[in-house]
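A.B. asks: Chain residues, written in single-letter form:
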Amino acid sequence: MFYTIIEQVVNGIVSGSVYAIVAVGMTMIFGVLRAINFAHGEYYMLGTFGAWFAIEYFDLPYPVAVVIGVVATAVIAVVVGNFVMQRIVGAPAEAGVLATLGVALILQNTVILAFGGSYKFFSGGYIEPVSVFGFTLAEQRILIIIVGLIVFVGLELMVTYSRMGKAMRAVSQNIECCAVVGIDVRHIALWTFILGAGLAALSGVLTAPVNVSVYGGMGELITFKTLPIIIMGGLGNVRGTFVAAMILGIAESLVATYIGLQFRDTVGFATLMLVLMWRPHGLFSAQARF
Amino acid sequence: MTPAELSAATTGRDLRLPFGIALVALACVAPLFLGNYPLHAMIIALIFLLPAHGLNLLLGYTGLLSLAQSAFFGIGAYTSALLAVYFGTPFYVNFLAAGLAAGLIALPLGIPALRLRATSFVMCTLGFVIIGQAIAKNWISLTRGDMGLAAIPKPYFALGPASFAISGTVGFYYLVLTIAAIATLVAYLIVRSPAGRNMIAIRENETLAESVGIPIWYYKLIVFMISAAFAGLGGSLYAHYLTVVSPLTFQMYYSTTMLIIVLGGGAGTISGVIFGSLLFVGLTEALRVAPELRMIAYGFFLLGLVFWFPSGFAPLIGRFWSFLEKRK
Numbered sequence: 000m001f002y003t004i005i006e007q008v009v010n011g012i013v014s015g016s017v018y019a020i021v022a023v024g025m026t027m028i029f030g031v032l033r034a035i036n037f038a039h040g041e042y043y044m045l046g047t048f049g050a051w052f053a054i055e056y057f058d059l060p061y062p063v064a065v066v067i068g069v070v071a072t073a074v075i076a077v078v079v080g081n082f083v084m085q086r087i088v089g090a091p092a093e094a095g096v097l098a099t100l101g102v103a104l105i106l107q108n109t110v111i112l113a114f115g116g117s118y119k120f121f122s123g124g125y126i127e128p129v130s131v132f133g134f135t136l137a138e139q140r141i142l143i144i145i146v147g148l149i150v151f152v153g154l155e156l157m158v159t160y161s162r163m164g165k166a167m168r169a170v171s172q173n174i175e176c177c178a179v180v181g182i183d184v185r186h187i188a189l190w191t192f193i194l195g196a197g198l199a200a201l202s203g204v205l206t207a208p209v210n211v212s213v214y215g216g217m218g219e220l221i222t223f224k225t226l227p228i229i230i231m232g233g234l235g236n237v238r239g240t241f242v243a244a245m246i247l248g249i250a251e252s253l254v255a256t257y258i259g260l261q262f263r264d265t266v267g268f269a270t271l272m273l274v275l276m277w278r279p280h281g282l283f284s285a286q287a288r289f
Numbered sequence: 000m001t002p003a004e005l006s007a008a009t010t011g012r013d014l015r016l017p018f019g020i021a022l023v024a025l026a027c028v029a030p031l032f033l034g035n036y037p038l039h040a041m042i043i044a045l046i047f048l049l050p051a052h053g054l055n056l057l058l059g060y061t062g063l064l065s066l067a068q069s070a071f072f073g074i075g076a077y078t079s080a081l082l083a084v085y086f087g088t089p090f091y092v093n094f095l096a097a098g099l100a101a102g103l104i105a106l107p108l109g110i111p112a113l114r115l116r117a118t119s120f121v122m123c124t125l126g127f128v129i130i131g132q133a134i135a136k137n138w139i140s141l142t143r144g145d146m147g148l149a150a151i152p153k154p155y156f157a158l159g160p161a162s163f164a165i166s167g168t169v170g171f172y173y174l175v176l177t178i179a180a181i182a183t184l185v186a187y188l189i190v191r192s193p194a195g196r197n198m199i200a201i202r203e204n205e206t207l208a209e210s211v212g213i214p215i216w217y218y219k220l221i222v223f224m225i226s227a228a229f230a231g232l233g234g235s236l237y238a239h240y241l242t243v244v245s246p247l248t249f250q251m252y253y254s255t256t257m258l259i260i261v262l263g264g265g266a267g268t269i270s271g272v273i274f275g276s277l278l279f280v281g282l283t284e285a286l287r288v289a290p291e292l293r294m295i296a297y298g299f300f301l302l303g304l305v306f307w308f309p310s311g312f313a314p315l316i317g318r319f320w321s322f323l324e325k326r327k
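Those protein sequence lines, which keep their order, are chains B and A.
Position 41 of the first sequence, counted from 1, bears residue number 40 in numbering that gives the first Met the number 0, the numbering being contiguous throughout.
Position 43 of the second sequence, counted from 1, bears residue number 42 in numbering that gives the first Met the number 0, the numbering being contiguous throughout.
For the record, the hints were derived by calculation from the structure and aren't laboratory data.
Remember, predicted model here, so these are calculated numbers, not experimental data.
A virtual CB, placed ideally from N, CA and C, is assigned to each residue, including glycine.
Don't take every hint at face value.
[As the list claims (entries may be wrong)] Per label pair, the in silico range of CB-to-CB distance:
#  : chain 1 : residue 1 : chain 2 : residue 2 : range
1  : B       : Tyr2      : A       : Leu141    : 31 to 39 angstroms
2  : B       : Thr256    : A       : Tyr36     : 21 to 29 angstroms
3  : B       : Ala113    : A       : Val211    : 36 to 44 angstroms
4  : A       : Tyr36     : B       : Leu148    : 53 to 61 angstroms
5  : B       : Glu127    : A       : Trp138    : 56 to 64 angstroms
6  : B       : Gln261    : A       : Arg191    : 44 to 52 angstroms
7  : A       : Ile199    : B       : Arg278    : 54 to 62 angstroms
8  : A       : Leu141    : B       : Pro60     : 47 to 55 angstroms
9  : A       : Ile199    : B       : Trp277    : 31 to 39 angstroms
10 : B       : Arg278    : A       : Leu141    : 51 to 59 angstroms
11 : A       : Leu95     : B       : Ile126    : 53 to 61 angstroms
12 : B       : Thr256    : A       : Ala117    : 35 to 43 angstroms
13 : A       : Ala117    : B       : Gln261    : 30 to 38 angstroms
14 : B       : Arg278    : A       : Met146    : 36 to 44 angstroms
[Unchecked claim] Example chain B residues on the side facing chain A (calculated, C-beta under 10 angstroms, incomplete):
#  : residue
15 : Ile35
16 : Arg86
17 : Thr265
The whole structure should be built from the sequences, with the hints applied where relevant.
C.D. replies: And the structure:
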């Protein structure tokens with residue numbers, strides 16, 4: 000029984016890593032743009048579709064497909080960023096919600112229109128199981144955990160030491176003063192957004208071999224799981240979001256095993272409601288900023 | 000005041016009233032020249048008008064963006080369906096019970112939710128929809144889960160010994176038209192009352208409103224409940240029209256549709272919401288070929304509303320009125 004719990008926790012860490020990669024992107028976008036990106040899950044979906052397309056139609060190997068998926072999504076993110084996200088800077092809160100909702104509808108339905116609404120089969124990826132410390136895991140899952148850690152460490156380093164990272168922190172703290180010091184806020188906003196979308200896409204392509212089925216509506220579920228994570232982690236708080244993502248992943252895994260699979264997708268929002276009643280500013284922030 | 004109201008106030012609604020009457024008259028005789036499918040689209044638009052009025056009161060007049068209309072819509076639909084299927088109660092009981100249930104459930108939900116700041120509040124309302132759907136899916140003993148409740152009887156009315164059932168699209172159209180008209184009247188009365196002005200004050204400047212003595216907390220809560228009740232009533236109509244309810248009634252799609260109706264028509268005006276509903280009908284009709292195309296159009300609509308028409312199309316209507324009035 001102990002073994003089963005550990006196994007479920009490990010599974011939870013895998014899904015937690017997936018959520019974490021997506022969520023840190025979304026929370027950074029919020030930090031800089033002050034907008035909840037309702038379309039974030041769609042970039043996850045686009046990355047997956049890009050990779051799937053590369054494998055299905057061009058028979059490319061998986062690593063190449065990963066790159067293609069992320070790059071394709073980044074290109075779309077550039078377009079969306081220029082026409083939509085940059086205009087959200089300085090706009091009232093509702094503007095961000097509605098605009099990203101609109102983008103989500105457009106992206107999701109364009110993909111469904113182009114490729115059909117049926118479930119696609121994702122072939123590719125390292126799904127050979129390996130034995131680690133007595134547990135059998137697909138190689139891909141280990142890859143996900145490793146990439147999750149790399150992303151987290153990489154972001155920490157970037158935000159702390161790089162010029163771009165410092166500018167991002169500045170924008171998330173005080174937009175007006177950024178203009179005073181000469182930071183191009185719109186430029187930072189655009190690149191933060193592209194980074195966030197790219198991370199979501201990366202998460203999508205990494206998870207695709209494990210999830211196997213690819214369909215146009217898969218982004219919406221991801222958005223609905225990431226929203227609770229970033230609020231619980233504290234909007235704009237990258238470390239808190241990472242921890243919250245892990246917690247959600249593990250909680251979902253345990254709930255699915257011991258309470259019922261049908262409740263797994265509700266864990267996120269159910270926990271969010273409880274947290275909002277009790278600690279509206281998130282589990283890790285000292286005071287409510289949003 | 001919105002441009003539409005301003006022009007009406009200054010020039011004395013010479014043209015608005017006759018135009019409104021003409022519109023109502025047109026609506027009354029619509030079944031004579033509209034086929035079954037356009038009539039169906041009109042019915043859906045009129046049903047959605049109720050939760051749209053609710054959202055308008057909440058967002059347009061009090062300034063609270065909420066995505067929870069789907070949740071109360073679903074609660075109303077299920078309440079009505081459960082009463083009809085298990086107790087065989089007449090339509091007006093189901094209808095009123097739906098509105099009451101939704102409004103009352105909004106109370107324990109609204110109290111903690113309204114304490115939150117804008118962004119968290121929006122998330123919380125989204126949470127209501129998702130939890131609502133989860134409950135509908137999993138409380139199988141009550142709701143039959145994904146199978147939903149079917150064979151909801153058509154509305155019937157009993158007046159003493161006489162009773163008649165509404166069958167057929169045309170009958171339902173008139174029922175919905177009447178209810179929508181009454182709902183619009185109620186919304187209009189709320190908005191024109193001192194309470195309505197207080198709501199606008201809260202929207203414009205909460206702190207200032209509070210300083211003049213408006214109890215903003217109570218107002219927000221009550222408007223939240225009224226808005227929920229409107230949505231619940233709409234849900235009841237929806238349930239009786241489709242004769243089926245399922246967890247799909249709790250989708251975000253309905254919240255998004257109502258947002259488009261309210262924002263597209265012009266949040267903060269009653270006529271704007273009606274216009275938004277008609278717009279929605281037009282869009283649905285024009286793009287019925289591919290539902291995905293319709294959703295893409297919705298998406299572009301939202302973008303357009305955010306960046307180019309923040310007050311919806313109401314200013315355009317206002318300009319139209321002033322243009323006509325100058326022409327006299």
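A.B. asks: Check each numbered hint from earlier against the structure, then list the numbers of those it violates in ascending order.
C.D. replies: Hints 2, 3, 5, 7, 10 are the ones this structure does not satisfy, whereas the remaining hints hold.
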